[in-house]
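A.B. asks: Each chain, letter by letter, is given below.
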Amino acid sequence: MASYSSEEEEEEELDYTNDPVWADVTPLPQDDGHNPLAQIAYSPEYTIAMSYLRAIMAANDHSPRVLNLTSDIIGMNAAHYTVWGYRFKTLMSLDRSQTLEDEKIGWSWRQELEWVQSIAKRYEKNYQIWHHRQLIIDHLDDPTGERAVTGEMFALDSKNYHVWTYRQWLVQRFQLFDEEELAATASLLEEDVRNNSAWNHRYFIVLGRLGEAGPEEGVVERESELAKEAISKAPQNPSAWNYLKAVLRKGGIELATLKPFCESFAPILSPDEIKSSHALDILSEIYDEAGDSVKAEKALELLASKFDPVRKNYWRYRRRLLGSKPTPASDTPTIQATA
Amino acid sequence: MSEIQDPNASQQLGLADASGLSNQRSQKPPDPVPTMHRGLPYILDDLGTETSRKQLQTARSVLKYVNDSRVPTLDKTTHIDFLIEPLEDGLSRGFTGLDASRPWLLYWCINALALLGVDVGGYNERVVSSLKPLQHKDGGFGGGNGQAPHMASAYAAILTLVVTSYYESRDLPKDRWMGVYARSFGWIDRQKLLDWIRKTKLRNGGFKVNEGGEEDVRASYCALVILALLGYDEDELRGDVSRDEKPLLDGLLDYFKRCQTWEGGIGAKQHSEAHGGYAFCVLSALCLLGEPQDVLTKYLDLDQFISWLSARQYAPEGGFSGRTNKLVDGCYSTWVGGCWSLVEAAANGIESSGTGFDIDSNVGSLWNRKALARYILACCQDPHGGLRDKPGMRPDYYHSNYVLLGLSAAQNYYYYDNAMSLPSSIENSPFKHGFCWKSSRNVPKPSTSEGIGGGWEEGLVSNERSRVGTQHPLFNIPLHAVAEIQEWWGVAKGAEIL
Ligand SMILES: [Zn+2]
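Protein chains in written order, with the working numbering: chain U, 1 to 339; chain Y, 1001 to 1498.
Everything labelled a hint here was simulated from the structure, so no lab data went into it. Note that this is a predicted model, so its numbers are computed, not measured. Cβ coordinates follow ideal geometry from the N, Cα and C atoms, glycine included. Be aware that one or more of the hints could be misleading.
Straight-line distance between alpha carbons at most 27 Å, and here's what the computed DSS-like set of lysine-lysine pairs gives [said to hold, decoys possible]:
1. Y:Lys1257 x Y:Lys1064
2. U:Lys306 x Y:Lys1370
3. U:Lys306 x Y:Lys1445
4. U:Lys275 x U:Lys306
5. U:Lys228 x Y:Lys1054
6. U:Lys89 x Y:Lys1192
7. U:Lys89 x Y:Lys1199
8. Y:Lys1298 x U:Lys325
9. Y:Lys1137 x Y:Lys1493
10. Y:Lys1208 x Y:Lys1257
11. U:Lys325 x Y:Lys1493
12. Y:Lys1445 x U:Lys233
13. U:Lys250 x Y:Lys1432
14. U:Lys125 x Y:Lys1208
15. Y:Lys1137 x U:Lys89
16. U:Lys121 x U:Lys89
17. Y:Lys1064 x Y:Lys1054
18. Y:Lys1199 x U:Lys298
19. Y:Lys1445 x U:Lys121
20. U:Lys295 x U:Lys275
21. Y:Lys1445 x U:Lys295
22. U:Lys275 x Y:Lys1298
23. U:Lys250 x Y:Lys1257
24. U:Lys325 x Y:Lys1445
25. Y:Lys1390 x U:Lys306
26. Y:Lys1054 x U:Lys121
27. U:Lys89 x Y:Lys1208
28. U:Lys306 x Y:Lys1438
29. Y:Lys1390 x U:Lys121
30. U:Lys125 x Y:Lys1054
31. U:Lys125 x Y:Lys1390
32. Y:Lys1054 x U:Lys306
33. U:Lys298 x Y:Lys1445
Between beta-carbon pairs, the in silico distance windows are [what the hints assert, rightly or not]:
34. Y:Lys1064 x U:Ser293: 37 to 45 Å
35. Y:Lys1246 x U:Asp138: 22 to 30 Å
36. Y:Asp1189 x U:Gly323: 24 to 32 Å
37. U:Asp178 x Y:Lys1064: 46 to 54 Å
38. Y:Asp1171 x U:Asp138: 48 to 56 Å
39. Y:Lys1064 x U:Ser232: 31 to 39 Å
40. U:Gly218 x Y:Arg1070: 54 to 62 Å
Can you make the complete structure from the sequences, with help from the hints?
C.D. replies: Right under this line is the structure:
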């Protein structure tokens, strides 16, 4: 029997109608209904493969040939969630009957994972591929090499949402909140300090995963230093500012402590020296909390008129809200820092 | 009707009805280009990275389009041709990748046509016959015939049916109106569909897209829309204790709450990066379950959310990005632009303690509608028809729908009316708050530099030919179609058709 369609063997076309492997299957045609709208003029190969799949599914057939059939279809339509789902069920069924690692079918979980990765590189925006991988790794209960696999994808697109979703699942499932994970985010941020996905992942592994619990001693300081360093390199980078604010919030540290830092990037009395609209934004909050409405207004007006005019309406709305916030002492729940 | 009455309104409506628009247009010199669209942002960091290089490249390429006092009108004719073609003539094999998204194709094209003013009622019969083979024997809808049921397929299928049945029935006498709805919805196995949705419910309160499929807030939003539009009531959702069923919506609100991120935005699930598409899903879902000023403050940190949402709009482009430090894209006109209606409703509810509509206490427009309209009209129209992500990208059906929907969000004021009288059939609906939305062509003016509101924003639609239809801010289908389908379920249940 032919092996199960890795990249190289794909050229070798499946011949459902003449191959004796499929002789017992009566293909089931597609019912598109009467006079349908937006019908797709499939290639003959796709039409045939799909009609075999329908027949196979109707018979609840999970024999090894299903792997051939499903990889054939996925090669033509990688977003076919039904086919992915059926393929996974088949893999599991073969696994249960211990035929999956058997020499005679020439396919294994390892080969499956390699094949999945080759598809992933061809179709970067795809939900199914990464979900399929997740189901497999969950079943195998072994994350070895998986961080490297996502790393390969980040080399192509360091903000790929599906890959990041998978990476987060991996970290949670196998409790990989370790130095390697921290270093991975640091290295992505080193490459591009504006990579918001990397910032998000860092927040998740350092603080987000803690839930209601407070961070360990020194973590808040370390992370705010990291953000401040990033800001010094690129003061107009919103990711780093947002991260800084979030870290302080999580640490129960008042925003007002940022005043000198922000003022160094946005001296509101010398608008020509302002290097960051985000610093102005935070300053307006700090001034407002301190009851200095004149300065708060000034910061917001600079944003509206010069530094971020497309958001003028928002900055004016913020102006409208000045003085309406309860003081931070009564508002902010104190988060217990662990002793 | 759902228009706010005031002198400006009738003036604007009169304008809409007047003929010889091109005449009137040629007399008026175009407005000068606002400064923000004339050059790069005031602050640019020295440090270049992949993100900043891509951003700069996009800003420069878009500048050529937005820095022009003649903002193009919406070329409805070519867009209509672009959208009718796939419906009528079908699609080439190049679209095989959408074979598991057949209901989406119908929804995108048909809703976009409705936005462009096309009467899509003539498609209803073919929509029904196209969707029937997609209903799964065990309940739900697949992306194509014989495919496993999927939440997004059911969502798009139901939306399409609600749109075309509304158009087909809207001018008919009551008995024939009923006939259209009975034909359009009578074949759906509501009980099996509900049973299927139960199988996608997660212990954490959310839903997954199908059995064995992935979890994200999109699945939860789609589930709520399906349930709301198919008229399921409290009793049905509570479940049958003898079958060991639990209330279907249990834990959902807190599930959404956990999806707000450290940035203030909302991600696909807990810990995911904040993203415009998922933000829209959660905001709409929340507003299906309560009054905006209640749910958006109880389950979100609204101030932080607004700050994140506002940061999605860029200059010089005028359009929205979906995430921090990503590029603008026309489809976020809906995902981000659509959030604004809901956020403004919440902000207004807080200010006026929810006593309906008062222009003087209105917080006004919180975002830049004109800049978005400029981005859409100048950058997202393909000269050969169809709408797109940005210049240089090919148009497609998905972007056509969501760019036009975003234009509708920019042109209209969508507001929540808590004084709206609802038919008794809705009173027992867990989604009744979703049926209290209205629209107005008059958009409250943004706050002045003194932070004061009042009055209407002018010149939002500089050319009436660019005006698109009104849509429901939660369901993303024509506004009035929503009231009609709700009425149908009242009739159907009263007549014990179900
Ligand atoms: Zn897009």
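A.B. asks: So which hints don't hold here, by number, going up?
C.D. replies: 1, 11, 12, 13, 18, 19, 22, 28 and 36
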